[in-house]
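Colleague: Spelled out from the first residue to the last, the chains are:
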Amino acid sequence: MDNSELQIAIACFKLYNLLIRTKRRLGRIVEFMDGLTSWNHKTLGKAYMLFSVIAGSIGIAMSALMRAELHKPDVQVFNRIAKFVYKTGDFVDQAKHLYNVTMTAHGLIMMFYMLMPMLINGFGNLVVPEMLGASSLAFPKMGTVSLALLVWSLAHTVTSLITKGTSTEYGAGTGWTLYPPLSNATFHPGKSVNHVLKAMYLASASSLISATNFVSTILNSRKLANTLSEASLFVWGILMSSILLVLTLPVLASAITMLLTDRLWDTVFFEPKAGGDPVLFQHLFWFFGHPEVYILILPAFGIVSEIISKFSNKRVFGKPGMVFAMGLIGLVGLMVWAHHMYTVGLSYEAQKYFVITTMAVAVPTGIKVFSWLSTLWRGSISLKPPMVWALGFVCLFVIGGITGVQLANASLSKTLHDTYYVVAHFHYILSLAAVFALLAAWYYWFHKITKHSYKSSLCILHSIITFVGANAAFLPQHFLGLAGMPRRCVDYPEAFSGWNKVSSYGAYLSLASVVLFFYIIAEAVVRNRQSPQDPWKQSF
Amino acid sequence: MRRQLIVPKASRGYRSLGLPCCFGSWTVSVYIGAPANWQTGLQKAASPAMRRTIQLTQLTNLVLLPIAAIIPIAIIALCKRYSASKNTKWKHINQNVWIEMLWTVVPIAILTGICVPSLKVLRYQINQKRKAFTDVKVTAHQWYWNYEYSFGNKQIKYDSNILNESLRSKLSKTNLKSYPKLFAVDYELVVPTKRVIKLLITSADVIHAFAVPSLGIKVDAVPGKINSAWIKTTRAGIYYGQCSEFCGKGHAYMPIAIRVVDQHSFEKWIKAAEANISKAFRVLRPKALANG
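If you read the sequences in order, they're chains A and B.
Here our numbering is used: the first residue of the first sequence is 1, the next is one more, and so on.
Here our numbering is used: the first residue of the second sequence is 1001, the next is one more, and so on.
Possibly wrong hints are sitting among the right ones.
[Said to hold, decoys possible] Simulated coverage check for chain B against chain A, where a stretch passes if three residues somewhere in it have a Cβ under 8 Å from a Cβ of chain A:
(1) 1034-1047
(2) 1092-1098
(3) 1237-1247
[What the hints assert, rightly or not] A short, non-exhaustive set of chain B residues, derived as facing chain A with CB atoms under 10 Å:
(4) ARG1052
(5) ILE1067
(6) ILE1071
(7) LEU1078
(8) CYS1079
(9) THR1088
(10) VAL1106
(11) ASN1127
(12) VAL1136
(13) PRO1180
(14) LEU1182
(15) ILE1207
(16) PRO1213
(17) GLY1216
Hint data in this document are derived by calculation from the structure and do not stem from the laboratory.
The model shown is predicted, which means the values in this text are computed figures rather than measured ones.
C-beta atoms are modelled at their ideal positions from N, C-alpha and C, and glycine is treated no differently.
Whole structure, please, built from the sequences with the hints as guidance.
Modeller: Okay, here's the thing in structure tokens:
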């Protein structure tokens, strides 16, 4: 071989070496990404719960600020915050926008970053595979991707708070419902609303992925339970919730896409001067928005069924009826969206249809409540902490449901729509009932989340303080709504001051219960009280 | 004009009082439809539509509140009776088709019992066969209202802003009971009593809502859309409401006030308003000026 051939041979050998090394490096990157995304489903569930607790703390802090503002008439809290943020200008005027931004962020955070991650993804990932006898979800890596998208979504929401919403002020003051024209580029020219919309895209994608994951898991891995009908009601709740998510999230995505293109590229979906209609957004939004609240409550129903059955030492009464009721709630819930829109100018026939279908949802809900009572009947009831929370859920959910039936009447909407009566109604369902179910599950599966056990007496104290505080915060709001106080107002006339004060005191008490929540966790971990594998065996 | 002293009736149940308003030692004869502090029910009805709405609320309360009360009581009773500490072995019954049918059919019956009168009231609220005495065009802006009347070829158009505190004495609206903060406006919507008035409501910018609780009316003001509603007040007075659809910074600061006067005063006001709006309001309220 002469010189040139040798050089070619050496070059080929070096090239071959380079290729092998690149392949190995790529292999290591793939392994790294694999390890990064293949979390144990329990770890993933706990990560979602941590995320939810952090986001929930931010959400509650915002609600405390709002209640502090509404403690007395006149603007007294947000003008000080405005002074801190803006340093110059008309602080009272800036305060009004700041309050609106806080109100928007509170709604978004509680709905998308506190309730959904905890109830569906957190507890779902933690216990559903075990309940089905599976070792993981159907697509374990997608679970991690779903969490990453949700974290990125929260990052966008936080970014929206620090970008300009209007031309001079920070944050999107549109309400979580984002109605145009208020949310379009004319009235919110800044980038803040764009960030909110991107956040909602990412949260929708995250929920869609995890919903697909759950549906696939539940419909396919059934080793413990041979047929789906033998599976726990929590599994059914997650299944129905996930199906609703898959059906309705694309509609939300379409609504916010149209809003985004209206904002960025001068499309005219919701621009009346060009023939568009703001009410179209409302229809599309609420087509998602109403099933969204059933998405939140169906897993809660499942949790409560689990717990009531366990601590009554009795199977759930009428399980087929319970499954049927959950399915009916989900199905009919897809057909009732315009009860959020009774005053926009729908025809009598349209309003009549929505009144009837909305009332119809009360029937399967009633079936569930009566079945829970029948599960208690002739059971052997031990009032352990999770049971106390679960029974609290039933009471509070019934109260919220009653006000819901009142609001279902379009004729009563003429006095009650967009008043504090609506605020009271959905806070009873979400902030009281759903949170009670959440905490019931938290204390029921506490030994799976941390390996420790908590002090029962502290937990009962937590439930009492939460019950008193939250009721004190939201019961007076029914009276405010009946008297006519509109919602989303930073200030109110003197005539509403009495009950507002009571409501604010209740909110402060609820803050104390949040502190107790963290204390209970800290106490269990610090005292290192190890929990047995199945702490609830003794209740039998 | 003779002063008429109107003393409001005693409140019935949980309905609020129309507020008697006094300043100094005089009792002024203006009925005010506004909420009272600590009230727990709807405002007192000042229109037949609101009267029906209140009756419907009473019906639904009667049917629904007992349910909300019975469930917690049942839970407590069941927990006491079937407590684990009692150690009795009960025969478990996990299904019963008859009771499940019962608690499906009975709620359907109850809800139908609520639905039927509810839809009747809804139809009454929407349909109005009588021809309206006049139409008023209501346009919502950020953050005030604009009212427009047309009579033949004459047009009356004016803005209704929240009452600026510094203008109270100029407009003779110093009585805080008659003109509460965040309710009072500079120029109210003026309508005659006991006549059907048609309101045509729209918006010039974002979505607002025209709402007056004591008249039982709430209609969204949507840009590009004209929603119509009818009102008919049973007594003269001032009826207050607030904007009821979130519209930005000034959402809490764009109240609605409807001043209902007798037919004669209304016609005098219309004649004066064609020339000058603030003079027309002074014509409407000579007593206020007299009392300083």
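Colleague: Each hint needs a verdict: does it hold in this structure or not?
Modeller: Now the hints, each set against the structure:
1. Requiring three or more residues with a Cβ within less than 8 Å of a Cβ of chain A, the coverage given for the stretch 1034-1047 of chain B holds, as 10 such residues are present.
2. Under the rule that three or more residues need a Cβ within less than 8 Å of chain A, the assignment of the stretch 1092-1098 of chain B holds, with 5 such residues.
3. By the rule of at least three residues with a Cβ nearer than 8 Å to a Cβ of chain A, the coverage given for the stretch 1237-1247 of chain B holds, with 7 such residues.
4. Taking 10 Å as the C-beta cut-off, the interface hint given for B:ARG1052 holds, the closest approach to chain A being about 8 Å.
5. Evaluation of the B:ILE1067 hint against chain A yields a held restraint, the C-beta minimum of about 6 Å falling below 10 Å.
6. Using the Cβ-Cβ criterion of 10 Å, the hint placing B:ILE1071 at the interface with chain A is satisfied: the shortest such distance is roughly 5 Å.
7. With 10 Å as the threshold, the beta carbon of B:LEU1078 comes within range of chain A, its nearest partner Cβ sitting at about 4 Å, so the hint holds.
8. Checking B:CYS1079 against chain A: minimum C-beta separation of about 5 Å stays under 10 Å; hint holds.
9. Here the hint on B:THR1088 is kept, as its CB sits about 8 Å from the closest CB of chain A, short of 10 Å.
10. Hint status for B:VAL1106: holds, given a least beta-carbon distance of 9 Å to chain A, under 10 Å.
11. Taking 10 Å as the C-beta contact cut-off toward chain A, the hint placing B:ASN1127 at the interface holds, the least distance being around 7 Å.
12. Interface restraint check for B:VAL1136: the shortest CB-CB distance to chain A comes to about 17 Å, outside 10 Å, so the restraint is violated.
13. Here the hint on B:PRO1180 is kept, as its CB sits about 5 Å from the closest CB of chain A, short of 10 Å.
14. Hint status for B:LEU1182 relative to chain A: holds, with the closest Cβ pair at about 4 Å, below 10 Å.
15. Of the supplied interface hints, the one on B:ILE1207 holds, with its beta-carbon coming within about 6 Å of a beta-carbon of chain A, less than 10 Å.
16. Checking B:PRO1213 against chain A by beta carbon gives a least distance of about 4 Å; that is within 10 Å, so the hint holds.
17. The restraint placing B:GLY1216 at the interface with chain A holds, with a minimum CB-CB distance near 5 Å, inside the 10 Å limit.
This entry does not satisfy hint 12, going by the numbered hints stated previously; all others are met.
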